[in-house]
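Chemist: Residue numbers (the numbering used here), protein chains in the order written: chain A, 151 to 359; chain B, 151 to 359; chain C, 12 to 243; chain D, 12 to 243.
No lab work stands behind these hints, which were simulated from the structure alone. These numbers were taken from a predicted model, which means no experiment stands behind them. Where hints are given, some of them may not hold.
[Stated by the list, open to error] Simulated crosslink set (DSBU-like; lysine-lysine; CA at most 30 Å straight-line):
1. A:K271 / D:K143
2. C:K241 / B:K164
3. A:K271 / A:K306
4. B:K274 / C:K84
5. A:K164 / C:K14
6. C:K232 / C:K28
7. D:K170 / C:K146
8. D:K146 / A:K274
9. B:K271 / C:K84
10. D:K49 / D:K170
11. D:K84 / C:K146
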Amino acid sequence: MAWDRNQMAARAAKELQDGWYVNLGIGIPTLVANYIPEGVEVTLQSENGMLGIGPFPYEGAEDPDLINAGKQTVTDLPQTAYFDSSESFAMIRGGKIAMAILGAMEVAENGDLANWMFPGKLVKGMGGAMDLVAGVGRVVVVMDHANKAGESKVLKRCTLPLTGQKVVDRIITNLGVMDVVEGGLRIVELAEGVSDEELRASTEATIVA
Amino acid sequence: MAWDRNQMAARAAKELQDGWYVNLGIGIPTLVANYIPEGVEVTLQSENGMLGIGPFPYEGAEDPDLINAGKQTVTDLPQTAYFDSSESFAMIRGGKIAMAILGAMEVAENGDLANWMFPGKLVKGMGGAMDLVAGVGRVVVVMDHANKAGESKVLKRCTLPLTGQKVVDRIITNLGVMDVVEGGLRIVELAEGVSDEELRASTEATIVA
Amino acid sequence: MKKVYSSAAAALDGVLKDGMLIAAGGFGLCGIPELLIKAIHEAGTKDLTIASNNCGVDDFGLGILLSSRQIRKMMSSYVGENAEFMRQYLSGELELEFNPQGTLAERMRAGGAGIPGFYTRTGVGTVIAEGKEHKDFDGETCILERGIVADLAIVKGWKADESGNVVFRKTARNFNVPAAKCGRICVCEVEEIVPTGSLDPDHIHLPGIYVHRLIQGEHEKRIEQRTTRKEA
Amino acid sequence: MKKVYSSAAAALDGVLKDGMLIAAGGFGLCGIPELLIKAIHEAGTKDLTIASNNCGVDDFGLGILLSSRQIRKMMSSYVGENAEFMRQYLSGELELEFNPQGTLAERMRAGGAGIPGFYTRTGVGTVIAEGKEHKDFDGETCILERGIVADLAIVKGWKADESGNVVFRKTARNFNVPAAKCGRICVCEVEEIVPTGSLDPDHIHLPGIYVHRLIQGEHEKRIEQRTTRKEA
Chain A
151 MAWDRNQMAA RAAKELQDGW YVNLGIGIPT LVANYIPEGV EVTLQSENGM
201 LGIGPFPYEG AEDPDLINAG KQTVTDLPQT AYFDSSESFA MIRGGKIAMA
251 ILGAMEVAEN GDLANWMFPG KLVKGMGGAM DLVAGVGRVV VVMDHANKAG
301 ESKVLKRCTL PLTGQKVVDR IITNLGVMDV VEGGLRIVEL AEGVSDEELR
351 ASTEATIVA
Chain B
151 MAWDRNQMAA RAAKELQDGW YVNLGIGIPT LVANYIPEGV EVTLQSENGM
201 LGIGPFPYEG AEDPDLINAG KQTVTDLPQT AYFDSSESFA MIRGGKIAMA
251 ILGAMEVAEN GDLANWMFPG KLVKGMGGAM DLVAGVGRVV VVMDHANKAG
301 ESKVLKRCTL PLTGQKVVDR IITNLGVMDV VEGGLRIVEL AEGVSDEELR
351 ASTEATIVA
Chain C
12 MKKVYSSAAA ALDGVLKDGM LIAAGGFGLC GIPELLIKAI HEAGTKDLTI
62 ASNNCGVDDF GLGILLSSRQ IRKMMSSYVG ENAEFMRQYL SGELELEFNP
112 QGTLAERMRA GGAGIPGFYT RTGVGTVIAE GKEHKDFDGE TCILERGIVA
162 DLAIVKGWKA DESGNVVFRK TARNFNVPAA KCGRICVCEV EEIVPTGSLD
212 PDHIHLPGIY VHRLIQGEHE KRIEQRTTRK EA
Chain D
12 MKKVYSSAAA ALDGVLKDGM LIAAGGFGLC GIPELLIKAI HEAGTKDLTI
62 ASNNCGVDDF GLGILLSSRQ IRKMMSSYVG ENAEFMRQYL SGELELEFNP
112 QGTLAERMRA GGAGIPGFYT RTGVGTVIAE GKEHKDFDGE TCILERGIVA
162 DLAIVKGWKA DESGNVVFRK TARNFNVPAA KCGRICVCEV EEIVPTGSLD
212 PDHIHLPGIY VHRLIQGEHE KRIEQRTTRK EA
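Using the sequences and the hints, build the whole thing.
Modeler: Structure follows, in structure tokens:
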């Protein structure tokens, strides 16, 4: 039961609204592009300097000058525009991106997000994540509800170094959808086959209402 | 005796060095472009978004989309590049322009410059002058030594509202050339037919050495 | 999500509000959003604060909003071309906030880029610095300037595609790019709207993300200082 | 005033100095100044601080300056692709200053634009904010970030004209523009140098004023993550 990666991505895709400019993080968020609803036109931003990310190229058509923020070869679209990195983050910081859909290591009930660093482990860096969560209109996190040890990643307080403070608006996990509201999280939707009790039991964070 | 407008412009043109990017103010400074020495390649910047200002267009070839900072129709050159106003002042403020040659109402011996406002009179605005004097590598002022009442415009202290504080490096007037140095002004050169005594007598500012 | 509107009036419908802050592109009369200015004139919106490098001339550009007393305050660097401006200003009817030209451009750029404040040497020791926070950086005194976020940006491009990507022509780009970026809503008029895909994605000056509404129209493009040289 | 040099080594002659701060363009391996990096490797300049979003891979890009221990400190946002990096970092041989990617880009842009400091919400409440000045703007807490001025910028363009005007191609533009602007001296490598006048002045991404020295060369342009789809 519960949602698999693709179902989570499909659920996240329902967050998209027609005409929006959106940034998708690496991992499950990237899959969201496969589930954009009919009639909803969304322009994907890549923080390395591109609006209008197209699909992966056909073999042999890869262009080393055309990659996404995950460094994968991509293609362009008729509406594509390129720009430099300072311009790219100007639009991110300036609130021009309606939504970012990002992965996470931990989310807290006050909207704190940790998704860049496990202390003591290899630290690769935050990339553009801190800029995104500080700048975009709405932050949706998509992640597994529990870590590999089976412990809730939806917490009262984050234990890992933060990416941003009070930045998450909505959390989509394999168990369901939760909103960050006054006092804790509000359950918005349950994944198929997941009961309210099950979601509550799997969640360390305070669930309100 | 002394220099006329064109002679002042010709003298100011000797300040230019090969490869420099330069901004010329309105009035006599604009005439400097007519006297750029042989073998010296200078690129003129226009703060409304252009590097590489060409000559005025032939009649009938005026382009409303191509003007200089004085709002005059101009032309482009092979090396011309266009950009927006924030980019234009980024390069000015960032010190990329080697020199600005500007007109002035008053200059003081400490390098203070006043060239935008007569209190009580019509105030048109500073335009880009404050940005230029604060940002460019070297500021050369070209102006008449005295005002219409015959009073020195080269002063101990400016009486008019400042455009910039301690910003002027060199002053070129109809009487000669002076540098702003520790303690006052140093005479660099006398205009044709002007004696040292005459220049000193015409100058309110302290002349050192 | 259609961005293309049939007229300036249609593109401004529901957007105009008395007392709003409008950022306008253009330098002198070059690259000004003349159609949108006319439409604001006709709409009669009043008590406007306008951030624009200049204020047009008496009968063209932003000047027509002065004659009709729709402007309460200007944020500009140079307003010398306009007799009515001076009359209203000297009589106290019009408020004026002078900004050094580069500071004005950077304030717009900053507002659009989510930068609420930045430090600059420009204006230190002048009236511009009065009342502003001073701070030293590596021995150099700077003042704090604030980003401008406008309720509405009105700009003029050369060509745009239907997705809102805009290209400008020569020095008509000027303040149009920073003004567009600092608007919560940006309405853009162009000389030609082309199908999406017609513009080279490497040549876009203002990506469509900044442009919410778009119109095509005929432009007068008046020349302020026609200056020519004689045929050799 | 010739800007065109015959080789990367010639273009860097007299410019390199131990302990200097270099800003480098590129994102991952896309748009990196690979020829200039190789020339710095061969020159053996050491104790370098390098501001660059990433640090290449073990045997390509800035990674080759790691293997030779020429880098003392990196200012980056993401360094995950490089095993030698991690080894040197964890052993304390290499200093690392993490910058959020947008903050790094803006710091370079600010340094080039004469903005010594700016406020941003990015990083507030995180380790990035530690020790930085905090200030509230309209109820929003921001931190002060400093502009970066580099002793040298090394960047990679697609085409340049002989006067130094540069155009970039697709996402290879990335950090090259802000890096170039923040360099006291900027050396640029391109795939093709064309005669001055060959580039449309409306299409220049980096005006020649920012570019002091220029070389043309063959580029490997390695792909980091070759990702494709099947033919339909």
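Chemist: With reference to the structure, classify each hint as holding or not holding.
Modeler: Tested hints:
1. A:K271 / D:K143: 26 Å, holds
2. C:K241 / B:K164: Distance of about 27 Å is within 30 Å: holds.
3. A:K271 / A:K306: Within the cut-off at roughly 23 Å; holds.
4. B:K274 / C:K84: 15 Å, holds
5. A:K164 / C:K14: 23 Å, holds
6. C:K232 / C:K28: With a Cα-Cα distance of about 27 Å, the restraint between K232 of chain C and K28 of chain C holds, given a limit of 30 Å.
7. D:K170 / C:K146: Violated, at about 41 Å.
8. D:K146 / A:K274: Holds, at roughly 29 Å.
9. B:K271 / C:K84: Holds. K271 of chain B to K84 of chain C sits at ~20 Å (cutoff 30 Å).
10. D:K49 / D:K170: 20 Å, holds
11. D:K84 / C:K146: It holds: about 28 Å lies between the C-alpha atoms, which stays within 30 Å.
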